[in-house]
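**Student:** Heads up: the sequence lines are chains D and W, in that order.
Each residue of the first sequence is one higher than the last, beginning at 1 in our numbering.
Each residue of the second sequence is one higher than the last, beginning at 336 in our numbering.
Just so you know, the hints here were simulated from the structure itself, not pulled from any lab data.
Virtual Cβ for every residue (Gly too), placed ideally from N, Cα, C.
One or more hints might be untrue.
Claimed, not checked - Computed far set for chain D versus chain W, every beta-carbon distance over 12 angstroms:
1. Leu-46
2. Phe-51
3. Leu-122
4. Val-144
5. Ile-167
6. Val-189
7. Gly-280
8. Val-306
9. Ile-314
As the list claims (entries may be wrong) - Capping the alpha-carbon separation at 30 angstroms, the derived lysine-lysine pairs in BS3-like fashion look like this:
10. W:Lys-643 - D:Lys-227
11. W:Lys-775 - W:Lys-598
12. W:Lys-458 - W:Lys-389
13. W:Lys-698 - D:Lys-227
14. W:Lys-606 - D:Lys-227
15. W:Lys-651 - W:Lys-606
16. W:Lys-716 - W:Lys-537
17. W:Lys-614 - D:Lys-329
18. W:Lys-606 - W:Lys-640
19. W:Lys-527 - W:Lys-537
20. W:Lys-775 - D:Lys-227
21. W:Lys-598 - D:Lys-329
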Amino acid sequence: MSAVTQPLEARRSVSQTVGNFLRDNPIYVAIVGLVVVTSIVEPKFLTYSNFDNIIRSAGTLIFAALGMTFVIMAGFLDLSIGGIISLVAVVTVTLIDRVGQGPAILIGLTVGIVCGLINSGLILSSGALTQAESLFITFGMSLVYGAVALMYVQGVTQFLTYSESDISIFNAINSGTIGFLSVFTAMAVIAFVILFIIERRTYMGRAVVLTGGNKIAARLAGVPISKSIVMIYAISGLLSAIGAVVLVSRVTLADPTMGTPYMTQAILAVVVGGTALAGGRGSVLWTVVGTFLLVLLNNCLNLLGVSSYVQFMIWGIILITVIWLDTVKQARVRG
Amino acid sequence: MVEESATQALLSVRDVSKAFPGVKALDHVSLEVTGGVVHGIVGENGAGKSTLMKILSGVYEKDSGEIVYEGRTIDKITPLESMQMGLAIIYQELNLVNTMSVGENVFLGRFSESGGRRGVHAKARKLLDSIGSKVSTHRMVSELSVSDKQMVEIAKALSYDSKLIIMDEPSSSLTADEMDKLVRIIHDLKSKGIAIIYISHKLDEILGFCDVVTVMRDGRVIDTRPVSEMSRNQMISMMVGRTIENEFPPRPESVGETILEIKNMNTRKLKDVQLSLHKGEILGLVGLVGSGRTELVRALFGADKVAKKSIYLDGKPVEINNPIDAINLGFAMVPEDRKLQGLLLGFPVEQNISLAVLIRLTKYGFVDSSQESVISDREIKALNIKTPSGKTRIRTLSGGNQQKAIIGRWLEMKPRILVLDEPTKGIDVGAKYEIYLLMKKIVEDGGAIILISSELPEVLHMSNRVHTISDGRVNGEFDPAVASADEIMAMAFEFA
Numbered sequence: 001m002s003a004v005t006q007p008l009e010a011r012r013s014v015s016q017t018v019g020n021f022l023r024d025n026p027i028y029v030a031i032v033g034l035v036v037v038t039s040i041v042e043p044k045f046l047t048y049s050n051f052d053n054i055i056r057s058a059g060t061l062i063f064a065a066l067g068m069t070f071v072i073m074a075g076f077l078d079l080s081i082g083g084i085i086s087l088v089a090v091v092t093v094t095l096i097d098r099v100g101q102g103p104a105i106l107i108g109l110t111v112g113i114v115c116g117l118i119n120s121g122l123i124l125s126s127g128a129l130t131q132a133e134s135l136f137i138t139f140g141m142s143l144v145y146g147a148v149a150l151m152y153v154q155g156v157t158q159f160l161t162y163s164e165s166d167i168s169i170f171n172a173i174n175s176g177t178i179g180f181l182s183v184f185t186a187m188a189v190i191a192f193v194i195l196f197i198i199e200r201r202t203y204m205g206r207a208v209v210l211t212g213g214n215k216i217a218a219r220l221a222g223v224p225i226s227k228s229i230v231m232i233y234a235i236s237g238l239l240s241a242i243g244a245v246v247l248v249s250r251v252t253l254a255d256p257t258m259g260t261p262y263m264t265q266a267i268l269a270v271v272v273g274g275t276a277l278a279g280g281r282g283s284v285l286w287t288v289v290g291t292f293l294l295v296l297l298n299n300c301l302n303l304l305g306v307s308s309y310v311q312f313m314i315w316g317i318i319l320i321t322v323i324w325l326d327t328v329k330q331a332r333v334r335g
Numbered sequence: 336m337v338e339e340s341a342t343q344a345l346l347s348v349r350d351v352s353k354a355f356p357g358v359k360a361l362d363h364v365s366l367e368v369t370g371g372v373v374h375g376i377v378g379e380n381g382a383g384k385s386t387l388m389k390i391l392s393g394v395y396e397k398d399s400g401e402i403v404y405e406g407r408t409i410d411k412i413t414p415l416e417s418m419q420m421g422l423a424i425i426y427q428e429l430n431l432v433n434t435m436s437v438g439e440n441v442f443l444g445r446f447s448e449s450g451g452r453r454g455v456h457a458k459a460r461k462l463l464d465s466i467g468s469k470v471s472t473h474r475m476v477s478e479l480s481v482s483d484k485q486m487v488e489i490a491k492a493l494s495y496d497s498k499l500i501i502m503d504e505p506s507s508s509l510t511a512d513e514m515d516k517l518v519r520i521i522h523d524l525k526s527k528g529i530a531i532i533y534i535s536h537k538l539d540e541i542l543g544f545c546d547v548v549t550v551m552r553d554g555r556v557i558d559t560r561p562v563s564e565m566s567r568n569q570m571i572s573m574m575v576g577r578t579i580e581n582e583f584p585p586r587p588e589s590v591g592e593t594i595l596e597i598k599n600m601n602t603r604k605l606k607d608v609q610l611s612l613h614k615g616e617i618l619g620l621v622g623l624v625g626s627g628r629t630e631l632v633r634a635l636f637g638a639d640k641v642a643k644k645s646i647y648l649d650g651k652p653v654e655i656n657n658p659i660d661a662i663n664l665g666f667a668m669v670p671e672d673r674k675l676q677g678l679l680l681g682f683p684v685e686q687n688i689s690l691a692v693l694i695r696l697t698k699y700g701f702v703d704s705s706q707e708s709v710i711s712d713r714e715i716k717a718l719n720i721k722t723p724s725g726k727t728r729i730r731t732l733s734g735g736n737q738q739k740a741i742i743g744r745w746l747e748m749k750p751r752i753l754v755l756d757e758p759t760k761g762i763d764v765g766a767k768y769e770i771y772l773l774m775k776k777i778v779e780d781g782g783a784i785i786l787i788s789s790e791l792p793e794v795l796h797m798s799n800r801v802h803t804i805s806d807g808r809v810n811g812e813f814d815p816a817v818a819s820a821d822e823i824m825a826m827a828f829e830f831a
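I would like the entire structure built from these sequences, with the hints used as guidance.
**Tutor:** Structure, rendered in structure tokens:
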């Protein structure tokens with residue numbers, strides 16, 4: 001008797017789990033549905049070159065979104081990454097002829113980290129502990145970094161290909177391969193694995209999530225909140241800078257406003273993945289999923305000929321839906 | 336669904352059951368409430384009181400059983416319908432709109448039917464006058480004290496011609512004067528034939544002004560009796576399901592050498608505070624809200640800056656700039672506001688316990704998570720924390736079990752000085768006793784405790800010494816074995 005009922009119950013709980021997942025993640029379902037429809041009506045979708053295109057267009061976004069995940073898990077926001085990406089891009093490209101490509105990239109990454117440290121310094125010194133305060137501070141800094149980038153190159157676009165020096169690293173990032181993996185994919189995998197280990201195994205990773213859970217309680221129990229804040233913004237700055245280098249490699253130019261769209265996209269990728277905007281719950285693993293869902297969505301809509309204005313609106317609707325669903329889910333947990 | 340029924344009672348609840356996943360919250364509960372009667376309901380946290388109230392108000396749906404109100408059988412109602420039927424609930428966390436005026440709150444959602452701006456304020460004034468409240472109907476609710484907010488809630492209930500008003504822990508944040516006022520209003524409502532269900536942890540209140548009392552435990556009604564036939568000890572033993580000889584264990588008696596000294600501590604709020612604390616001692620601190628007792632704790636935990644040479648540990652001056660410094664010196668704290676300052680509500684019990692000790696389980700930056708589970712399981716067992724597992728979210732536990740988890744968080748650190756700020760606030764009798772035993776064990780193991788509490792009996796029974804604090808000064812020292820409650824309160828109320 002029991003031998004018969006057990007697998008039945010097991011099956012029911014599996015279907016229940018799947019059911020719960022579908023109910024909690026309708027955005028996943030909607031995007032996967034769209035992908036299926038697109039692959040049927042648009043034969044170009046299921047081609048190798050299109051998939052290559054999809055992976056590449058995830059480029060800068062995946063790095064920016066991975067960095068943003070820690071910020072959001074800690075209960076803060078980083079709107080400055082648009083400015084950081086623009087600034088790092090122009091700094092890196094203009095320095096190639098002066099110091100060589102390797103040092104130029106290193107200086108670019110350092111600029112990203114320094115911008116992150118400035119953000120965290122401002123947040124700590126102003127005693128800002130709410131998400132809204134971090135939003136305004138980093139939005140302000142985004143304008144500052146963007147303006148510095150514009151002043152630095154006098155508003156002129158810098159072309160990578162005009163460089164007289166060796167730009168082999170950039171070429172490798174754009175089109176090189178390591179075995180069967182492209183260089184870019186390998187970079188993204190390494191970044192993900194390191195962040196995933198930090199998130200799951202280290203004290204700093206735990207401190208970030210605990211900070212997002214309840215800043216006051218965590219602080220009173222000895223969790224180093226200030227260090228968490230410094231770390232999340234430094235990581236966000238560094239990953240945005242890596243994203244900037246990838247972007248420069250791909251489009252072979254640096255424009256002082258090129259980072260702007262990544263601010264909203266990165267936040268969108270994180271929350272679509274399932275990380276709670278309120279903090280305390282999430283994972284860089286989910287962000288990888290969220291990023292690819294967004295890129296797939298973008299690709300499908302392009303193939304279906306949906307105008308980019310309509311796409312902006314769709315993104316806005318998705319962002320609102322995700323936040324609304326999360327609120328509903330939280331209310332259900334609380335009973 | 337409405338059908339006729341022939342009962343005298345205003346409200347009768349018959350055999351009502353309600354289950355949540357994993358918990359039987361109500362198990363065949365029956366209850367009768369008559370008009371003009373103050374009906375007390377007592378029970379530990381998790382006894383089912385709140386679930387029952389939420390079913391009555393339409394927040395939850397019952398699984399089985401019958402509810403008859405004013406002769407009508409109630410099956411499915413929404414919170415709004417229940418209010419319109421004259422069944423009002425005043426929750427502990429008051430349901431008012433802070434950004435609206437008093438008058439608008441009383442007639443919330445019925446603004447135009449109630450005669451617009453002028454009509455609303457006039458009617459609200461009348462209702463408030465009828466319960467003797469002088470609060471202006473034009474004031475913002477956010478500016479009101481808890482007591483005044485309760486008056487607004489009562490006025491709102493009266494505006495619906497409520498026959499039954501349920502008050503859920505109304506006294507938990509009232510001062511003595513405000514409490515007297517509430518009792519007068521309750522008597523007044525009673526004389527108008529209105530029935531009141533009064534839910535409280537404070538047995539003195541039940542014995543003081545309730546007519547009938549129902550004791551609940553584990554989702555069941557244990558007994559309903561007239562208060563005149565119920566003694567305090569009977570109530571307690573019904574609530575906890577066993578006989579408790581005393582509400583307090585005997586006080587610890589092994590006070591040793593001085594470990595902490597505070598000399599001339601000054602902050603914006605504190606003035607020349609002098610204190611000493613000995614090994615194995617529980618030091619009670621009694622003061623009103625705003626007396627400086629919270630600031631003292633903040634200073635010890637590095638939240639407020641104090642002069643360099645004001646805190647001495649083992650005779651040596653120490654500097655505390657943040658909670659981490661304090662913890663490294665052997666301090667630990669259970670903060671006043673459990674939900675805001677103590678818990679990570681959405682996190683598992685396990686992580687709420689391991690929070691403080693986590694850094695010590697870390698090697699080369701990596702956390703030993705298997706050790707983390709071992710430690711939390713050990714504390715869950717040692718403190719008798721009732722939870723399905725260590726992975727359960729702490730939000731779902733009762734207040735007493737949550738508080739035990741917060742104390743358990745510190746036990747692994749073997750704290751030298753434990754500061755307990757209102758450790759038993761909103762906790763039932765059984766869990767209180769367990770916390771008292773825990774305090775005793777901590778000091779017997781060589782720790783020392785600073786106990787801050789508004790419950791004077793608790794301070795008197797548990798402390799070895801009591802200090803009063805008033806207007807930022809420590810103005811009195813008492814031996815609780817001989818001092819009377821009146822003497823201590825007199826000093827706590829004295830303003831320099």
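**Student:** Each hint should be assessed against the structure and marked as holding or not.
**Tutor:** These are the hints, each one checked on the structure:
| no. | hint | in the structure |
| --- | --- | --- |
| 1 | Leu-46 | 41 angstroms, holds |
| 2 | Phe-51 | 37 angstroms, holds |
| 3 | Leu-122 | 20 angstroms, holds |
| 4 | Val-144 | 30 angstroms, holds |
| 5 | Ile-167 | 36 angstroms, holds |
| 6 | Val-189 | 21 angstroms, holds |
| 7 | Gly-280 | 6 angstroms, violated |
| 8 | Val-306 | 38 angstroms, holds |
| 9 | Ile-314 | 30 angstroms, holds |
| 10 | W:Lys-643 - D:Lys-227 | 25 angstroms, holds |
| 11 | W:Lys-775 - W:Lys-598 | 27 angstroms, holds |
| 12 | W:Lys-458 - W:Lys-389 | 29 angstroms, holds |
| 13 | W:Lys-698 - D:Lys-227 | 18 angstroms, holds |
| 14 | W:Lys-606 - D:Lys-227 | 33 angstroms, violated |
| 15 | W:Lys-651 - W:Lys-606 | 22 angstroms, holds |
| 16 | W:Lys-716 - W:Lys-537 | 29 angstroms, holds |
| 17 | W:Lys-614 - D:Lys-329 | 48 angstroms, violated |
| 18 | W:Lys-606 - W:Lys-640 | 14 angstroms, holds |
| 19 | W:Lys-527 - W:Lys-537 | 25 angstroms, holds |
| 20 | W:Lys-775 - D:Lys-227 | 36 angstroms, violated |
| 21 | W:Lys-598 - D:Lys-329 | 51 angstroms, violated |
In summary, the numbered hints that this structure violates are 7, 14, 17, 20, 21.
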